[in-house]
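Chemist: So you can see what is in the structure, the chains are spelled out below.
Number of protein chains: 6
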Amino acid sequence: MTKMDKNLEKAQIFIECLPYVQKFYGKTIVVKYGGNAMINEDLKEAVFRDLILMNLVGIRTVLVHGGGPDIEDYLNRLDIKSDFKSGLRVTDDAVMETVSMVLVGKVNQHTVSELNRLGGKAVGLSGKDGAMLKCTKKYAKVEDENGLHAVDIGMVGEVESVDCTLINNLLNDMYIPVIAPIGTDEEGQTYNVNADIAAGKIAAALGAMKLFLLTDVEGLYRDFSDKSSLISHLSTDEVNDLMKQGAVKKGMIPKLESCVNAIYGGVQNVHIIDGRVPHSLLLELFTDSGVGTMLTKGESHVCSE
Amino acid sequence: MTKMDKNLEKAQIFIECLPYVQKFYGKTIVVKYGGNAMINEDLKEAVFRDLILMNLVGIRTVLVHGGGPDIEDYLNRLDIKSDFKSGLRVTDDAVMETVSMVLVGKVNQHTVSELNRLGGKAVGLSGKDGAMLKCTKKYAKVEDENGLHAVDIGMVGEVESVDCTLINNLLNDMYIPVIAPIGTDEEGQTYNVNADIAAGKIAAALGAMKLFLLTDVEGLYRDFSDKSSLISHLSTDEVNDLMKQGAVKKGMIPKLESCVNAIYGGVQNVHIIDGRVPHSLLLELFTDSGVGTMLTKGESHVCSE
Amino acid sequence: MTKMDKNLEKAQIFIECLPYVQKFYGKTIVVKYGGNAMINEDLKEAVFRDLILMNLVGIRTVLVHGGGPDIEDYLNRLDIKSDFKSGLRVTDDAVMETVSMVLVGKVNQHTVSELNRLGGKAVGLSGKDGAMLKCTKKYAKVEDENGLHAVDIGMVGEVESVDCTLINNLLNDMYIPVIAPIGTDEEGQTYNVNADIAAGKIAAALGAMKLFLLTDVEGLYRDFSDKSSLISHLSTDEVNDLMKQGAVKKGMIPKLESCVNAIYGGVQNVHIIDGRVPHSLLLELFTDSGVGTMLTKGESHVCSE
Amino acid sequence: MTKMDKNLEKAQIFIECLPYVQKFYGKTIVVKYGGNAMINEDLKEAVFRDLILMNLVGIRTVLVHGGGPDIEDYLNRLDIKSDFKSGLRVTDDAVMETVSMVLVGKVNQHTVSELNRLGGKAVGLSGKDGAMLKCTKKYAKVEDENGLHAVDIGMVGEVESVDCTLINNLLNDMYIPVIAPIGTDEEGQTYNVNADIAAGKIAAALGAMKLFLLTDVEGLYRDFSDKSSLISHLSTDEVNDLMKQGAVKKGMIPKLESCVNAIYGGVQNVHIIDGRVPHSLLLELFTDSGVGTMLTKGESHVCSE
Amino acid sequence: MTKMDKNLEKAQIFIECLPYVQKFYGKTIVVKYGGNAMINEDLKEAVFRDLILMNLVGIRTVLVHGGGPDIEDYLNRLDIKSDFKSGLRVTDDAVMETVSMVLVGKVNQHTVSELNRLGGKAVGLSGKDGAMLKCTKKYAKVEDENGLHAVDIGMVGEVESVDCTLINNLLNDMYIPVIAPIGTDEEGQTYNVNADIAAGKIAAALGAMKLFLLTDVEGLYRDFSDKSSLISHLSTDEVNDLMKQGAVKKGMIPKLESCVNAIYGGVQNVHIIDGRVPHSLLLELFTDSGVGTMLTKGESHVCSE
Amino acid sequence: MTKMDKNLEKAQIFIECLPYVQKFYGKTIVVKYGGNAMINEDLKEAVFRDLILMNLVGIRTVLVHGGGPDIEDYLNRLDIKSDFKSGLRVTDDAVMETVSMVLVGKVNQHTVSELNRLGGKAVGLSGKDGAMLKCTKKYAKVEDENGLHAVDIGMVGEVESVDCTLINNLLNDMYIPVIAPIGTDEEGQTYNVNADIAAGKIAAALGAMKLFLLTDVEGLYRDFSDKSSLISHLSTDEVNDLMKQGAVKKGMIPKLESCVNAIYGGVQNVHIIDGRVPHSLLLELFTDSGVGTMLTKGESHVCSE
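Chains as they are written, first to last, in the numbering used here: chain A, 278 to 582; chain B, 278 to 582; chain C, 278 to 582; chain D, 278 to 582; chain E, 278 to 582; chain F, 278 to 582.
Treat the hints with caution; some may be incorrect.
All copies of an identical chain are treated as equivalent in the list; a pair is satisfied when it fits inside any one copy or across any two copies.
What the hints assert, rightly or not - Subject to a maximum C-alpha distance of 25 angstroms in a straight line, what follows is the list of computed PhoX-like cross-link-like pairs (lysine-lysine):
id: 1; residue 1: K321; residue 2: K398
id: 2; residue 1: K414; residue 2: K504
id: 3; residue 1: K398; residue 2: K304
id: 4; residue 1: K504; residue 2: K283
id: 5; residue 1: K398; residue 2: K418
By construction, these hints were calculated from the structure, which means they are not laboratory data.
Could you build all of it, start to finish, from the sequences and the hints given here?
Modeler: This is the structure in structure tokens:
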């Protein structure tokens, strides 16, 4: 195949994206990216290029990131101990300061820097900027000899409300807002917020069309011990059924709750996709290959809001 | 290759366009399309899809069309005779009315309709709308036994000025303006304008970055009888040399003069490309394959304006 | 009377228009003009001057035109046959192409050109521009030995909806939009739309204050064989009564239905006026002479929308 | 002549204004009206209607008024004495307070009220509002046994600068600003400003196309004792010659100086017209009858600014 | 105390205002100032400085003024007699003209001038400008041998509606509108409006947060003969009770009715404060000292609108 | 003194600020705050309140912060060694990451949080956001046995240009931008920038009226061993003289160079003030006490740009 033939093929492929580009033009899409999915440098650059392209073809693109491994690393280096209760990190002041430094001062800055280096226009924010993510304190539910009771786990935050003014101003100026999931309250307290939950709340508040959760798994399995049981499409009704049946891995539960809440909050679809596949965002948006699992609203659930 | 693999390849190719998309974002590009290049229906649809994609990825896209074959056809059907003098059609009132009807009422409307059908947002204009293309009468230069003298060839127009207000308003509202090369003057006369020249004048007036002339040839040849002498890059200096040497086919001369004038008027590059290659616009813009001939400003020529 | 005295009289008359100018300032008025009313050149120029003056004194002025005689003429010259069924022209592809060329490429362009020549700022549009007039196919109702049944009459269009974005953008920029009654649909089909109906639908969609139908009759007669029975004012209730009584000439029926629908759609008044009277638009708007027939909403009819 | 015929004639006359309306559309015109020209109630209403019509047909219309007779009347009623020095009223605090009350509280308010009653949108201002008219103290030049020397005449003001912000804001909101010629300075002093001079300065600052001075004379005479010597057109050069020749009545001198300065300041034409002719503004603007005297820029004078 | 120490104290005090400045930022406050409260020059300057500061720290500040003593003075000097009926001045044409001249031409202009001199940006208006205060005629209720009946008292106006367009335009441009309580109607009549009532109506129409009535008393007394019975806070319910009990001084009644109506019309608080205390506006707004009497909405009254 | 008397005094003091508030309204002021000046919590809150008040009274307020002590602390805790060369910290990747985390993730976030808690509207930025601070690598000039030569000290940045778009967008939306002095380049490298220099460059790029450097000294001394030699006012000429004379403490030299460059870059005044004095910003802006040292432009130096 000559170079010209190859380029003709490229142009052909580019034009095949047209209906998809038209479909998403002017819509808002929130992408959550973090944790283990964020480790491989090549994949990371592929994700960033996808985001920039999404932005350029007219999608209002927002990135919310986590930062698990880096936090772990720094807590160790700083010799700060931190327990987990019911899957939530007990967050005292020392932990909170480390989390904030790593998320905002390292991961967020690195992400902004890479997006700008690759030709994007990115601005880093935390939920404290413009008092965007208003939180209340979250307690762990622990069951012991005294029965089920709430346990104080420090500065872990429940998102109460999202002020979208600042995000929308930046989107209108064609920036990609990159958001670290740190929350605040009226007293200026700092809260550690689960990135999936933050992304879901932000997507709902923005009236986003889609929320993408980039993970390091293929998607959701009907039976997580059986790789062939990958689910490509799921309603919120079915999610609730799966959770009742105990078919969902523990670590997946808060992620799924966030997905369901985002959909109840008005997001059209939530996609759990495999961040280990290069350009999985483009694949999902601009080809007919659905990657991972897509959630939509079921019939039996009414938005509680 | 599985479907997934194919889609991965697609995404990969899509992402390779990123630097090009970034480069042309927010720039104005005028495309001239017409005549024989416009005959094949499949190619036509490919061109229209290219234009819509250009528009969606942030290029301010303007289309100027011709309509030779259709005009010829209707003049025949209406039994209207029309001579040519020095390559210019003698345009009496009957011819002018037919030209206007075919260009504005058939070709322009058809083009707008197709762009809209394919998901674009197009608005048809002629140079009479908003008195956009102001013309004066053009005379043919004829050499006969009386020497070189000007001959009245009716309503053939020389573009004097372009009022871009209306075009810019439509571009700002995200429309693709589709322009038929019909001119006007203070007295409301109608003028038949060469589409290449109209496109060049409009590109210069808009401060366009590029002007594309979609033709039915591969590009410009150093020796037009030798297909292997295709020129990929040419300066305006060299164009003038070629024309002096008589190396340019007669029919190409007005096209080339329009190119040179567009560049002198501030357009960065003019591309003469082969409209018979599908998606040649995308190839030229979004791959490293230059198709056809690209003209840039030479050193020895200063813009006359 | 000296020249000065004459001019004093003129100024006096000009000032008498003041209350009318105040009344219509900033309001939208749609004028339908076409067919036989459009033949006389002097009258045409008078109408165009009226439109320009209306525009200058702050009326948002929209012109919708027909083009019957020119269409007839070209169908003949091109030797294209076309039947009528129940008063509607059977519109096959050849007829449709001719209609489009004549309306958009001849009548519309000529109108724009004349308005601009006389100092107006006009832009020509068809209902395909910006996909403004969305249509569905209309069938003729024919009664024969098989009873009443629908007959396919080709590309005759029923207006389903009007997208006013483009018209309003042009009105905000102080242009007079001049609209040819050609419709479209999602598949890019072209439709031949009755100009009276198009004008009524556009007036309703724009929330126009008034719709003027310029005709070549004096107005509506209570008994159309008796010239002295001219009706100066009529409610929609009475129109329906007249139609039931068979007092309305056949050719008038679609015109009247369009009037009634425009009023049900929110237009305050529809005026059927005699285009053969010079400056009849100014007479109607700026003097106390009502010319022709004014329709207003009756009590017994509720807008179906 | 039937009523219909009369109305046809009216419409015909209305349409004859079209070229004039087009010519003045969007231009700024300042009208100075006051003194004896303002006494007759019918004429006053005619002037107000002219102003409203001018505003409605797209002229940015500003009115500056004087108020001589009313001031005189109130000074008498309040038993306040006031001398004249070199034609300028000696303005002590008591005089100044009376002038301000009469101009701003009576004449201005009455004018605004009448314009609004007749359907206009007027807002009254003095030069103190928004600190619009910045003045310095003006001294009378008196010649006596001690030679020519400056004499303190109290709060008479020389206009130093005009801040057009407020006027332009009101014009953009479609109001007619009605301005009383009261000035101010940094210390908040109040100044009595000649209305002709104020109008000239405001017209120049606004970049007005025309300044109209409505007077109670027919215009300017070459020989003011000879009514047949009325001048219809005059250049600033000729004005200067006339003044050197002593051919100008004393009371006319400041008026003429203001005219000449307005033209030097960029106003295209200044018209001295006879306010006793009803609708003289409309006559001048919208017919071919020039009334009074029109001044234009001569060749030998260069704007001093 | 050194100068530095003093300045430190000043800065400390300035910063104590911060929460108050934050509270009122962007809110609208209407101040009524006039009559006897306006006599002392030093106090007047203090009030003006307060208004300018309010404006600069982001409060949309509107001033409505009265002018009793000046009106009295001029009526005397002009030898115009004017009776009072039920506390309302009988306002014939001569009185009305004097009132207008004094309020608009003297008090308003003086106020604007002083505000500008002190560095503010003020524009003077009357209720006639932009036809802002639309009134109907008010009759006095007189009880005599014929019982209670309405008596014609001339041009005294009842405010029917307030057109806030002009005021809001000026506030958006950062001006302080200074409004004289003169009203108008469709016929262009001039009305004398009570300044307290005008201020209340304007405050309600603007959706003001607060209305301040600057008076020459300390506030409202529970028993007006007992200075120690000053009321600091009062609900509209209690006002109605007080009025029923006859505990309110006659001159206070229209003031109180205006207060109650303003609150019913949507104003949050009305403050009757002692204009004889320097900077009482700042005291009320920016310290914890409430001065005078604050009215809020009671429970038993529902806004009639 | 009663509470009322105290409040009267407060109001009096508040009003004394009026001329200062008027002077700075709408102007841009950049404040640099950091290092030792930032340690005391009470002083910090006082500074933040000053900034919020400045913002509310209409000053476009930008904060640039440093973070020395926190950086030192974390480098120690993480056991990262870092030398100094010619007073500049050698910044390898490990140091750079720590600096970024502390400045952006701790100090900046804490500052934003405090400003928001106190009622301000703050948004945190680093120079990487929107690629605001474009840097090149800075080398230390070291003199040793090989003479004066440049030494690589890692990621220490020289500010090449400042893109103010993002800052201005935030200022227009009434936010206080809080900027950490981290720079970037086209390759996405991260640079450690001296906070004084960053503040100077940002102030110049914004066209700021003033730059405040909050320090932990009283100001600049003519002889730094003699506390009585504090300089209250200094021209850039004198600064250069002082530096030549060696009268400036070594640590002060980059600070002073930044001051001089800011003034050459167009900032009107730079103030070096004592951050240990509470509300020193308010003292400097709103009283007649100049605190610390004010620099202005001298005559002999021309801006190099």
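Chemist: Next, verify each hint and record whether it holds.
Modeler: Verification of the hints:
no.: 1; hint: K321 to K398; verdict: within (17 angstroms within a copy, 33 angstroms between copies)
no.: 2; hint: K414 to K504; verdict: neither (37 angstroms within a copy, 51 angstroms between copies)
no.: 3; hint: K398 to K304; verdict: both (18 angstroms within a copy, 17 angstroms between copies)
no.: 4; hint: K504 to K283; verdict: between (36 angstroms within a copy, 22 angstroms between copies)
no.: 5; hint: K398 to K418; verdict: neither (42 angstroms within a copy, 35 angstroms between copies)
The structure fails to meet hints 2 and 5 from the earlier list, while all remaining hints are met.
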